[in-house]
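Asks: Since chain A is already given, all that's left is putting chain B on it; use the hints.
Protein chains in written order, with this note's numbering: chain A, -18 to 263; chain B, 125 to 379.
Read the hints as simulated data drawn from the structure, not as lab findings.
Note that CB positions come from ideal geometry on N, CA and C, so glycine has one too.
Be careful, since some hints might not be right.
[Stated by the list, open to error] Some chain A residues judged to face chain B by a derived CB distance under 10 Å, without partners named:
#1 R58
#2 L63
#3 A67
#4 P82
#5 Q84
#6 F88
#7 F90
#8 T94
#9 A95
#10 R101
#11 L109
#12 A113
#13 V115
#14 W142
#15 L193
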Amino acid sequence: MKNAGIGAETILASDRAKNPMPGNRSDGELTFRCRALSIDVGHPQRRIIEGLNLEVPEHQFVCILGESGVGKTTLLRVFGGLTPPAPGSQLELNGRRVIGPPQGAVFVFQNYTASLLPWRTARRNVELGLEASVAAPERRARALAALDLVGLHDRAEDYPWQLSGGMQQRVQIARALAVEPKLLLMDEPFGALDAMTRENLQTELRKIQRQLGATVIFITHDVDEAVFLADRLIVLKGKPASVGLDVMTDLPAERDQVTTKELPRFLELRHLIYQAVRREGA
Amino acid sequence: MNKAMQRVNLPGLAVIAICAGLWELYCRTLGSGFDSIASTYATILAVKDLLLQGPLLEQLLHTTSVAIWAWLIASALGFVIGLCLGLSRTAWTYTMASIEVLRSIPSISFLSIAVLLFGFSAKTEMVIVVYVSLWPMLLGTLGGMRSTPGGLLEVARIFHLSAISTFFKIILPAALPVIVVGLRLSLTLSIALAVVAEMIGNPEGLGFGIVSAQQAMRPADAFAYLLVIGILGWGLNAIFAMATHRLDFAYGRPS
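Chain A with its partners taken away, still in its complex shape:
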């Protein structure tokens, strides 16, 4: 905590200029904001996150990094209203307090096998989030469009067990996209996939996010993945943890697995993040 590093502080300051933190009810449609957020887990209770302040404006792609066990997943679950934060924490989306899963936000779980309905085909899984609000023919069309977006239109009538792991995760992403979320919360969605599938999905996700203009908060422990995807990188540090590093990537909006990763800025960020994560480990 004390050794947050001068580099990080300066970046934070320059960052603040770009994204004014408190007080400024920004112009955008969607602002995700938390102040003095603390999280307790377990019995007896142990504080894993303390005093975390964060504001995410609309359309931003934020990657949150940190050592395993630092509380990334729990933090995202709190963001998604699945787990309550400690008393006194402030957490709001568009000025509304988050108490349960908020409207307009969708969560994508790391464990796709546990979150797809095994008795429904890919298309029917994608339709789940639309059933309360959209009539059958349109629902079907939207589900197929979402599957198309992740390149699975020809597997729409397959059951999850007939699909590979990467395809199942894409079904889960399609299900999230079908409800046209303003905010996508993704918990290491590519963690269990092989390198090839993973890189393809990264490229697709970045493209889709730009098309839909969704705000994304993405958890990962893979530094390359984070730098490649993000507009803004956040490293959680300390015990209990809070924001240790908060930096804009300033990479071109259009990303490519080969050329983006050769940019000096990419390498610089990679270096910076590795240092930040490692220092925390030491």
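Replies: Below, chain B alone, put in the same frame as chain A:
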């Protein structure tokens, strides 16, 4: 046609045929001195005689209809009770102890009580069969309801499913495989218990037939009844398996 042929388990059938042949051989050679056994051939002959001249067909229909009706009633009751106990924490708290006690009493011992209450009658048979085959269904439904994967419940929350939608779209379908296992166990039990109840509590059906054959010292008839009971159980299970085949596919257990 080809597909139907593929489904026939030829090696399995061959084993049965060989066993039947060996039994025939044994009865004609080493076992020819025993009066109390019947050869394969004699058994099949007895089935034919009982079917054409004896009461077998009527008995078979009786046992089959009792088993199926009792199974349907027990399944419906078990499902509803299991559902209530699965949905209401209070109901579960109040009844759990009673269920544990009742369940651990061998159900067959209730047969004497049923005879005391209803006499040697079809009512006795029905009550016992329903009571016994109620349990697998009740416990299956209850277990299924209480073991919805947490991940799926979170999916329901993420997409703001109402309580009713969560029940019909998540909890019930997730419980279905366990419920189907309950249904199948109930079916097996209801056939077995129908026969037992007929042997002791109701002088009708296949169970009564096998007891009469035994008392009349007619081993071929007794063996014939055994064979018919075996075929009945196998047949009903096969129909059930066929009916749930599509479900197995949807739930990712291709056969």
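Asks: Work down the list of hints and note, for each, if the structure agrees.
Replies: Going through the hints against the structure:
no., hint, in the structure
1, R58, "holds (9 Å)"
2, L63, "holds (6 Å)"
3, A67, "violated (20 Å)"
4, P82, "holds (5 Å)"
5, Q84, "holds (7 Å)"
6, F88, "holds (5 Å)"
7, F90, "holds (7 Å)"
8, T94, "holds (8 Å)"
9, A95, "holds (3 Å)"
10, R101, "holds (8 Å)"
11, L109, "holds (6 Å)"
12, A113, "holds (7 Å)"
13, V115, "violated (12 Å)"
14, W142, "holds (3 Å)"
15, L193, "violated (17 Å)"
Checked against the numbered hints given earlier, this structure breaks hints 3, 13 and 15; the rest are met.
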